[in-house]
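Starting from the structure of chain A, add chain B where the hints point.
Taken in sequence, the protein lines are chains A and B.
Per our numbering, the first sequence runs over residues 150 to 260.
Per our numbering, the second sequence runs over residues 722 to 837.
Hint data in this document are derived by calculation from the structure and do not stem from the laboratory.
Bear in mind that the values here come from a model prediction, so they are computed numbers and not experimental data.
Where a beta carbon is used, it is the ideal one built from N, C-alpha and C, also for glycine.
Among the hints, erroneous ones may be present.
[What the hints assert, rightly or not] Each computed DSSO-like pair below joins lysine-lysine, with the alpha-carbon atoms no more than 27 angstroms apart:
#, chain 1, residue 1, chain 2, residue 2
1, A, 205, A, 151
2, A, 205, A, 247
3, A, 205, A, 257
4, A, 216, A, 205
5, B, 791, B, 778
6, A, 191, A, 247
7, A, 191, A, 205
8, B, 778, A, 191
9, A, 247, A, 216
10, B, 778, A, 151
11, B, 778, A, 247
12, A, 191, B, 732
13, B, 778, B, 732
14, A, 247, A, 151
15, A, 191, A, 151
16, A, 247, B, 774
17, A, 151, A, 216
18, A, 247, B, 791
[Claimed, not checked] Far from chain A by the CB rule (all over 12 angstroms, computed), these chain B residues:
#, residue
19, 734
20, 736
21, 739
22, 747
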Amino acid sequence: QKEVEQDPGPLSVPEGAIVSLNCTYSNSAFQYFMWYRQYSRKGPELLMYTYSSGNKEDGRFTAQVDKSSKYISLFIRDSQPSDSATYLCAMSVSGTYKYIFGTGTRLKVLA
Amino acid sequence: DAGITQSPRHKVTETGTPVTLRCHQTENHRYMYWYRQDPGHGLRLIHYSYGVKDTDKGEVSDGYSVSRSKTEDFLLTLESATSSQTSVYFCAISESPSGAGTGELFFGEGSRLTVL
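Bound-form chain A, shown alone:
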């Protein structure tokens, strides 16, 4: 079993929809959680960084962490065609070098 599981998609939604992207994990020691956006042939770009459980909002993006369920989510409101990309979740443990990544979910927002 992988430490981090992420549905690869692709996920297609109409413009303006609310998008929900999710990752589950098995290691209860993870403390730091990240979401990245990666456009084709580009490097991953950090969108959200959270510590422990709870919600964090930044513009149209909301990151949610539920440590009791070992489940993290990224919500995108009012999705735009420019949001079409692959979204990667990542998590880490204090005191180790390990950042563990999901394999990414491909999102396509249709105009």
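Structure of chain B alone, referenced to chain A:
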């Protein structure tokens, strides 16, 4: 944007030849990482550095070596390239003020390597 530059951005080489990829940062971050990204596998850690001359192996380090002689530069070397090392290589940096694994990870634009 984090100041991370990777070079070369694209390279085609032949099996058995040595290859060196360079990562240069202008952020003075302590931690630097080399990842490879392959379809179905996501990002996998090759090597990382926690300071000048301080490096260690990641999960897919066989066939790779690294060096860090200055804070700003982290080199990844394939001593004798093989076709299985065809991949996209990403450098990442982190300040991690509270210790390893605690800071945001910022990525470069990637180096696309093809080994024929």
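Quickly compare the C-alpha distance for residue 247/A and residue 151/A to 27 angstroms and report which way the hint goes. 14 angstroms, holds
Are the Cα positions of residue 205/A and residue 257/A separated by 27 angstroms at most? 24 angstroms, holds
Measure nothing beyond the straight line between the CA atoms of residue 191/A and residue 732/B; if it is 27 angstroms or shorter, mark the hint as holding. 16 angstroms, holds
Do the alpha carbons of residue 191/A and residue 151/A lie within 27 angstroms of each other, as the hint requires? OK: residue 191/A and residue 151/A at ~25 angstroms, within 27 angstroms.
Beyond 12 angstroms from every Cβ of chain A: is that where the Cβ of residue 736/B lies? About 24 angstroms separates residue 736/B from the closest Cβ of chain A, which puts it past 12 angstroms; holds.
Next pair to validate is residue 191/A with residue 205/A; report whether the Cα-Cα distance is within 27 angstroms. 25 angstroms, holds
27 angstroms Cα cutoff - pair residue 778/B, residue 247/A: The hint holds at about 11 angstroms.
Residue 205/A and residue 247/A: Cα distance at most 27 angstroms? 23 angstroms, holds
Between the alpha carbons of residue 791/B and residue 778/B, is the straight-line distance 27 angstroms or under? Roughly 19 angstroms between the alpha carbons, so the hint for residue 791/B and residue 778/B holds.
With a cut-off of 27 angstroms on the C-alpha distance, tell me whether residue 247/A and residue 216/A pass. Status holds; Cα separation ~18 angstroms.
27 angstroms Cα cutoff - pair residue 205/A, residue 151/A: 26 angstroms, holds
Does the alpha-carbon distance linking residue 247/A and residue 774/B stay inside the 27 angstroms limit? Distance of about 19 angstroms is within 27 angstroms: holds.
This entry satisfies every hint, going by the numbered hints stated previously.
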